[in-house]
Amino acid sequence: MNDMSQAAPTADGRKIGGVLMEMKNITLRFGGVKAITDISFDIREGEIRAIIGPNGAGKSSMLNVISGFYTPQEGEVWFRGQRRQPMKPYEVARQGIARTFQNIALFDGMTVLDNIMTGRLTMMKSGLLAQALWWGRAEAEEVAHRAQVEKIIDFLEIQAIRKTPVGRLPYGLKKRVELARALAAEPKLLLLDEPMAGMNVEEKEDMSRFILDVNDEFGTTIALIEHDMGVVMDLSDRVVVMDYGKKIGDGTPAEVRANQDVIDAYLGVAHD
Amino acid sequence: MVLPDTLLFAMEAALNGLLSGVMYALVALGFVLIFKASGIFNYAQGVMALFAALTLVGIQQGQVPFADLIHALTGVEMHGFGWTLPAVVAIVLTGIVMIGMAMVIETLILKHLVNQPPIILFMATIGLAYFLEGLGDTMWGSDIKAMDVGLPQGITGWIDESTNSLFGYGFYVDQLNIVAMVVAAILVTALTLFSQYSKQGRALRAVADDHQAALSVGISLRFIWVLVWSIAGFVALVAGIMWGAKSGVQFSLSLIALKALPVLMLGGFTSIPGAIVGGLIIGVGEQLFEFFVGPLVGGATENWFAYVLALLFLVFRPQGLFGEKIIERV
Amino acid sequence: MFYREAGDFKTSYRDDGQTFPIRFDRYRYYAVLVFGFVVLPFLLNDYWTNAVFVPFLIYAIAAIGLNILVGYCGQLSLGTGGFMAVGAYACYKLTTAFPDVNIVFHILGAGIVTALVGMLFGLPSLRIKGFYLAVATLAAQFFLVWLFNRVPWFYNYSASGQISMPERTVLGIPVTGASVAPWAGYLVCLVFAVALAWMARNLTRGSVGRRWMAIRDMDIAAEIIGVNPLKAKLTAFAVSSFYVGIAGALFFSVYLGAVEVGEAFGIQKSFAVLFMIIIGGLGSIFGSFAGAAFMVVLPVMIKLVLVDTLGWPTDLGAHIQLMVVGALIIVFLIAEPHGMAQLWRLTKEKLRLWPFPH
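Protein chains in written order, with this note's numbering: chain A, 1 to 272; chain B, 1 to 330; chain C, 1 to 358.
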């Protein structure tokens, strides 16, 4: 499986690099319940990797393992060639992994601008006293990061709502702000948990375009969970299929579509 | 049997602690009821006990409510209705007042705060506590009142005698504490039976489990809230009678009731047995701590012991004694 | 018409991020400052200083402190009274141990000591949340008051168990003790209040403030985007306690002069400051001032109207005050959870467009 570690350009000319993240034999339990059983897969630099599966398959749990929110009982997580020791979610974020959430997790009491600025918190280093006096580094840092954030605001076309409190926004825009917040962190790996859930066709098209653009322009590696098969097949380079906490398929969209186990899982075959 | 004096005194302290623990548990019970049914941490529970006790004494002794205010507004002096009601009648009337209060609280406060975050509801009950304290004082005056509903008081003879014959030292246990224990036992049994076997009890448990689902099967949330606040008001009345008989009806009663909070920390917010066990642990713990450590550090440790114990407990076992481990999700 | 932003263009992110983006607000703010520093000191008499202005400024500092913790970081604390006591006793110990050092440093030192104590009691906040934490802070409240009451070292073994402030001067002018001119004590408090409010504003608009607010709004998401929750909460506890400690030090040294801990810094004080920020506005510096002003002026008004004018008994006035405060808390929580600050903001929104309705 690990034989194609060198760059292999895809059909549309993007660069897919070496392995960025590798999950080895991950098992996650809650009490006696196994949410994930012995799953291995990898994510390559520059690719869009989809994780699909029926409800309750353990996709979100997988994403939570990657972002450090859950610590698996067994298995290894490798990131950028190093084995990752169990660490807190905020340490994972500092390594360059950002994410969005299935049920939007924005900071409702803050404006859009402030929300996106939180994405850059890992890079803001000025001390308490300097900030209290708004002095030297504190102000310069604030302005520099603001400039970066404004670029992302332009990129995602949300200039007009910059100073709006997030709580007042409609659903689709919230999703976009959440993406902006994740992008503000300039992540190596971007995790998207159902980025298009609950959207209409037009919003889905917008979001798909943004995801492709992010991947294209910033070269960001993306792992996403999505239920809309059309979207998954169009967007992703490779797909992992999960069912009942196990991996039942892995490969290009075309390969996965032809996989008998996957078809069974989606169309429903009696398990015996 | 001859035991060293220190041990005997410690045993006496522990026994009395156990019984005052029952008193704490009595207040904690009111908290648990409301928390289970509405997710509200009712800070005002202690003041409700004070208010109930004030009202009971006022009604029983025929005090005119708002006498001072009426005097200030109209200049009319009123010195009471001049009756003294039997305790039972006064208790029933106070019970009706507490039910009325539950209805008013539901209409004026709870109804408007549905779906607010718990912290807002908590702060609202702090406001309620202030309001009720002011109301109680305005209605009945803020002087210390004696509570006399005919509960036995003084040394419990048979405990004194039996321990005297056993150890050669008679334990002093107030009869009132024994009564409190019996009443608490009855109350808990009655509440358990009510919530297990009555229709309203089942509705109550359904609401406690899931508001939305309960609404969708046709349970009236508002009725349940009035019901549960009425019950909590009744529990507050019982606690107010016990505490009031023990140490007089005064403001400090609502502070003693604050101790129900650490009790809940130990026992968990949703467990009635937890409230009882937590109350007993706190009651015994603070008596023994004061007995052994108090003299070394200047005494009056019961002011903070319960809170610090709860704090330590929370740090090492945040879900309390009986709570389940919480799995966080995103 | 007069209150507008048209023609007030921002050409840099620096200008856009300032505290008063609208020019009129800025001028009004400078006018208030000039009035407070230059005009008021000449107008103040003893009564107004002690009944309104000095307590208002001190409570405003405490309210900003508590607002940082509750309104910005979302950690409910009922230990404000206890932390004010730490500030008061630290100030007392410092000034009696080093009588030659300027009192201003003692007050700052008291803030630092309180910040450390606050961090200690903030440690459990990593594991417990919401009202669980509130009850944990009650432990701080009761334990600290007990400590200062029972351990004689804290009150220098004085026979009464009280602490009393000796005379101390700033630039040769006495600011504590018996012979203080009203304006001197007032100015000390004003300098502290303005400086601390300005610093709080700076903290809350930068990255530190965003960490706090992220924790407040959704702590799990905050951690996943890279906020270390322990560090964020502990800085909130430290900064908050620093403010509260300074308020306690001023309350003792400049305002009361002598203190009995249970009376001055009991649980009632914790609630009073909490009410200030609920009524004034959670998560607002201006709201802290508004709430403090309200809670200080209300008893004065009630006394003025009910007791002095209508001749009602004092205790009846006090009871009615309790009811009014309690009812207002509930009303604000129901109708406007962001308090007077939000009402003010809405008024300004309207004014910006006036006389047009939209």
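Keep in mind the hints are simulated off the structure, nothing from the lab. Any given hint could be a false lead.
Stated by the list, open to error - Computed spacing ranges between beta-carbons, pair by pair:
hint, chain 1, residue 1, chain 2, residue 2, range
1, C, Tyr13, A, Gly198, 30 to 38 Å
2, B, Arg317, A, Thr164, 36 to 44 Å
3, A, His227, B, Arg205, 42 to 50 Å
4, C, Phe286, A, Arg168, 39 to 47 Å
5, C, Leu343, A, Glu202, 38 to 46 Å
Beta carbons: idealized from backbone N, C-alpha and C, even for Gly.
Problem set entry | Supplied distance hint 30 to 38 Å, evaluated on CB atoms of tyrosine 13 (chain C) and glycine 198 (chain A) | About 34 Å separates the Cβ atoms of tyrosine 13 (chain C) and glycine 198 (chain A), which means 30 to 38 Å holds.
Problem set entry | Consistency of beta-carbon spacing, glutamate 202 (chain A) to leucine 343 (chain C), with hint 38 to 46 Å | 39 Å, holds
For this session: Confirm or reject the claim that histidine 227 (chain A) and arginine 205 (chain B) have a C-beta distance inside 42 to 50 Å.
Result: Violated: the Cβ-Cβ distance is about 36 Å, outside 42 to 50 Å.
Problem set entry | Outcome for the supplied range 39 to 47 Å, where the beta carbon pair is phenylalanine 286 (chain C) and arginine 168 (chain A) | 21 Å, violated
Exercise. Has the hinted range 36 to 44 Å been met by the Cβ atoms of arginine 317 (chain B) and threonine 164 (chain A)?
Worked result: 43 Å, holds
The earlier numbered hints that this structure contradicts are 3, 4.
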